[in-house]
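Protein chains: 2
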Amino acid sequence: MIATARRGRFAHVSQAARIRAATEQAVSATRGSHVLADVSLSAALRRRAEAIESAFAGLDETVRNSAEAQFRSRLAASYILGTFCRLVERGFDRDLARFSDGESAEALIHRWGFHAVDITPCADGRLSGVVDYILRVPPSIVAFRKSYAGAMFDVEESVRNWESVELRRWREARPNAADAPTRYLKIGVYHYSGSDPAHEGCAAHGHDAERAAAALLLRLEQFAGAIEATHCCGAAVATLLVGVDTDDDAIRVHVPDASGRMSVQRYVGNRELYTLTRDLAREAAKDAIRDAVAACAGVASDDATSEGMRWLCGYLLKNNLGQVDAVKQWHGGAYADRGHTERLIVVGDAIDDVQTRNVFFQAQMDTLEEGGADLDIGVRILRGLHEPRSSAVPVLVHVRFDARMPGAEGRARRRAARLRDAILTRYASLAGRGLLHVEAVVRGGDGAPLLPVDPLDLATESFA
Amino acid sequence: MIATARRGRFAHVSQAARIRAATEQAVSATRGSHVLADVSLSAALRRRAEAIESAFAGLDETVRNSAEAQFRSRLAASYILGTFCRLVERGFDRDLARFSDGESAEALIHRWGFHAVDITPCADGRLSGVVDYILRVPPSIVAFRKSYAGAMFDVEESVRNWESVELRRWREARPNAADAPTRYLKIGVYHYSGSDPAHEGCAAHGHDAERAAAALLLRLEQFAGAIEATHCCGAAVATLLVGVDTDDDAIRVHVPDASGRMSVQRYVGNRELYTLTRDLAREAAKDAIRDAVAACAGVASDDATSEGMRWLCGYLLKNNLGQVDAVKQWHGGAYADRGHTERLIVVGDAIDDVQTRNVFFQAQMDTLEEGGADLDIGVRILRGLHEPRSSAVPVLVHVRFDARMPGAEGRARRRAARLRDAILTRYASLAGRGLLHVEAVVRGGDGAPLLPVDPLDLATESFA
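Chains as they are written, first to last, in this note's numbering: chain A, 6 to 469; chain B, 6 to 469.
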């Protein structure tokens, strides 16, 4: 971990400079791109990543030039949190992936049999761009995106989320009517490192890719089983297991067979698919993806039962080819910093506004009592990065509220204050030595400002 | 608190003896009963209370006769927990209130416009018989019964509970079809002491009845507002504020006006109604209740809009007249032990199998991080009762699981073990001095056995 931190120590600045040069190069010459890569989408995503990098780059400069040790601790952490919050409020255009081959991706996903997508990745910062960069799914279709160490989501909570989505279909026909033949899809995303599997894999699963995949597959099966067992009338969800090689963001899609079953060993690997399809004509490349998916599912390419799921797998693979291509173009094949370079930790509710690789470790939780083990992993990773620079680990507690609900902001403030206090208690020794710095914010929905939580918010907790 | 504890010190045994004598007396002469009191229901409830008392009475005897100090601490606490668990598993017949005037209470409640009842009382042990004894509502209609200190329930969680009930109506037409013109009813129950308001009221609200009522009313309004604001198409719930005088179990029903509004100051008090109707003929007594309810609502007795809610208020008042009557018959007007005499604390999921007054303080929570303040109140109350006897405060962690869900038992065991460990950490000093004893159990649904949670259950937590 320490080794990784040293390697990545001043990686941010040099990386930002490298990105700039590479962007210019890419604009002038994209002829090397994969035939299916959406080059303009990649370029837009690249500009966003660059904006995020450069927002932090000023800080790196300041920290490097600063002689005062005290600046390098809490002040630096506070500066990082402030920078991050401003990036969140900046409102980057996340609607870049709204079309797929000129068609509305949302309409396509509905047409192929899915009305909502619930994505559970690992809390690892290298997956912090999972929706916009790695999978390139439009946020409008993503009903939930919650991260947990090792992607180990809570089954009972997922069932409640499903209930919430289904009730809206019944009552409000949103996003479609309840009798439409579509399913709720839960995607679990684990990760590994192809180049350094024993050190740069998933910390929560002992850097063991197979263990990470097997544990997540079991949990997806438990979720699907829970819905079927407790809700009658053919209630069923779709599940999909996806792996990410954090070296180059290439995914593995564990295509379900005709009966919906997946296997840890059976998947379509996008790195191989990239090589296979790179020199093909556009339609031939698409056919190659379809064939690979059908072969993995063990069905004929015109099998009707598995048609929707196979389309979805192909859609994700094709999207991800664009990301693999972008990493090849801009990072010379794979990322220079294969390990962790997270700036901060986000605890509480999900933040998806600042999607890009390795910006933050994030763990979703209501209380630290349930999420403590997840946060321990994040703190251990970020200590390895920040302590050598004598800087505190910045932790942002983030709690969302529905501004339409009476009293919701006050309740969110108390929850955020309680979570912050619990963190300061659990890591009292680190915080006392200036090695951990916690700030808390609440937010009344997408696009709303982040409101700082006052230490008085918990003190004013009343029964009224 | 200490004074109360001393007063109630050996109250259990003498009370049990008194009950036995009173029961015989009651069987031979019920002519003193209120005209609307369901005497046979009261007698059955009395027999159950007696069985519960006598199960604990043996322990009182043993503790009193025991010279060994060590028996009076953890062993006694463990004995209390074991006795309680056996009582839970005994499966008392809770279906006593299934008829109201010979009709199915469930069908009546549906017919009058309610498909599910969600009851949130205070965690105070004097309300532990709130469903079966005080309100006398059949458990089949009670979708949720969760207790919190000061009845301060979580609004967001209540919204999720509502969603869960409504989805079943849409998908499964259970308990009725979604287009049936019925509502979800949430009843909040606060309490106070008419005879000693400054000391025997609700500890969570500083023994201030008006404050307790106002805080709960606000929260009920927030819940109703949250449903209306976040769910379209005329989504609306009914709410009802009820107060209990813990001296004699007489309720106050804060009847909503024609627009559904309630007021802390405006209610029908059952103690007054008891006196008013006692000497009337049966139908005249019922008319008197109806008139009092309509007057409180400020509507004519044939007002159609408020009809269902007024029926429900009358139903609860009539049921409770039976309880007031029973307390008068068996306890000479009011309970001898007006304060706390709880045997144990239940933390986690609700237990309703052993409903009777003052048996246990219970606080519903997923984690101690959110429920710590509630448990603090319970521990403070029970220390006052148990420390003078040199006995540890017995705490039972109880987590339910849906046995149909794959892996649910393991997850429940880990949650129970985590909650137990958090309690032992928070009250480490008390536990270390043998003044607090915690055991944990999980249960796979109504009627299922209570399964002890092994200390290894948390240790074996794996990501799989």
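Treat each hint with caution, since some may be false.
Claimed, not checked - Short derived list, chain B residues pointing at chain A, Cβ under 10 Å:
1. 117
2. 271
3. 272
4. 276
5. 277
6. 281
7. 372
8. 409
Stated by the list, open to error - Listing some non-contacts, in silico: residues in chain A with all C-beta distances to chain B over 12 Å:
9. 240
10. 377
11. 420
Bear in mind the hints are in silico, worked out from the structure with no lab data behind them. Here a beta-carbon is modelled for each residue, glycine too, at the ideal position from N, C-alpha and C.
Fill in: Given hint residue 277 of chain B near chain A, where the shortest CB pair must fall under 10 Å
For residue 277 of chain B, the interface hint is violated, since the closest Cβ of chain A sits about 28 Å away, which is over 10 Å.
Discussion item. Under 10 Å is the threshold here; is the Cβ of residue 271 of chain B close enough to any Cβ of chain A for the hint to stand?
Written reply: Because about 19 Å separates residue 271 of chain B from the closest Cβ in chain A, which is outside the 10 Å limit, the hint is violated.
Discussion item. Hint residue 281 of chain B vs chain A: min CB-CB distance below 10 Å?
Written reply: Residue 281 of chain B check fails; min Cβ-Cβ to chain A is 33 Å, beyond 10 Å.
Discussion item. Take the shortest C-beta to C-beta distance between residue 276 of chain B and chain A; is it under 10 Å?
Written reply: Violated: closest Cβ of chain A sits about 26 Å from residue 276 of chain B, beyond 10 Å.
Fill in: Restraint satisfaction for residue 272 of chain B [CB to CB of chain A, less than 10 Å]
Cβ of residue 272 of chain B sits 19 Å from chain A, so the hint is violated.
Worksheet item: Non-interface claim for residue 240 of chain A: all C-beta distances to chain B beyond 12 Å?
Response: Given a closest Cβ separation of 7 Å, the condition is violated.
Item to complete: Report holds if the minimum CB distance from residue 377 of chain A to chain B is greater than 12 Å, and violated otherwise.
Response: Its Cβ does come within 12 Å of chain B, the nearest being 9 Å, so this is violated.
Item to complete: Identify whether the interface hint at residue 409 of chain B stands, where standing means a beta carbon of chain A within less than 10 Å of its own.
Response: Result: holds, 4 Å to nearest chain A Cβ.
Worksheet entry | Status of the stated non-contact between residue 420 of chain A and chain B (beta carbon gap over 12 Å) | Given a closest Cβ separation of 8 Å, the condition is violated.
Discussion item. Using the nearest Cβ pair, does residue 117 of chain B come within less than 10 Å of chain A?
Written reply: With a closest approach of 23 Å, the residue 117 of chain B hint is violated.
Discussion item. Using the nearest Cβ pair, does residue 372 of chain B come within less than 10 Å of chain A?
Written reply: At 4 Å from the nearest chain A Cβ, residue 372 of chain B passes the 10 Å test, so the hint holds.
The structure does not agree with the numbered hints 1, 2, 3, 4, 5, 6, 9, 10 and 11 stated previously, though it agrees with the rest.
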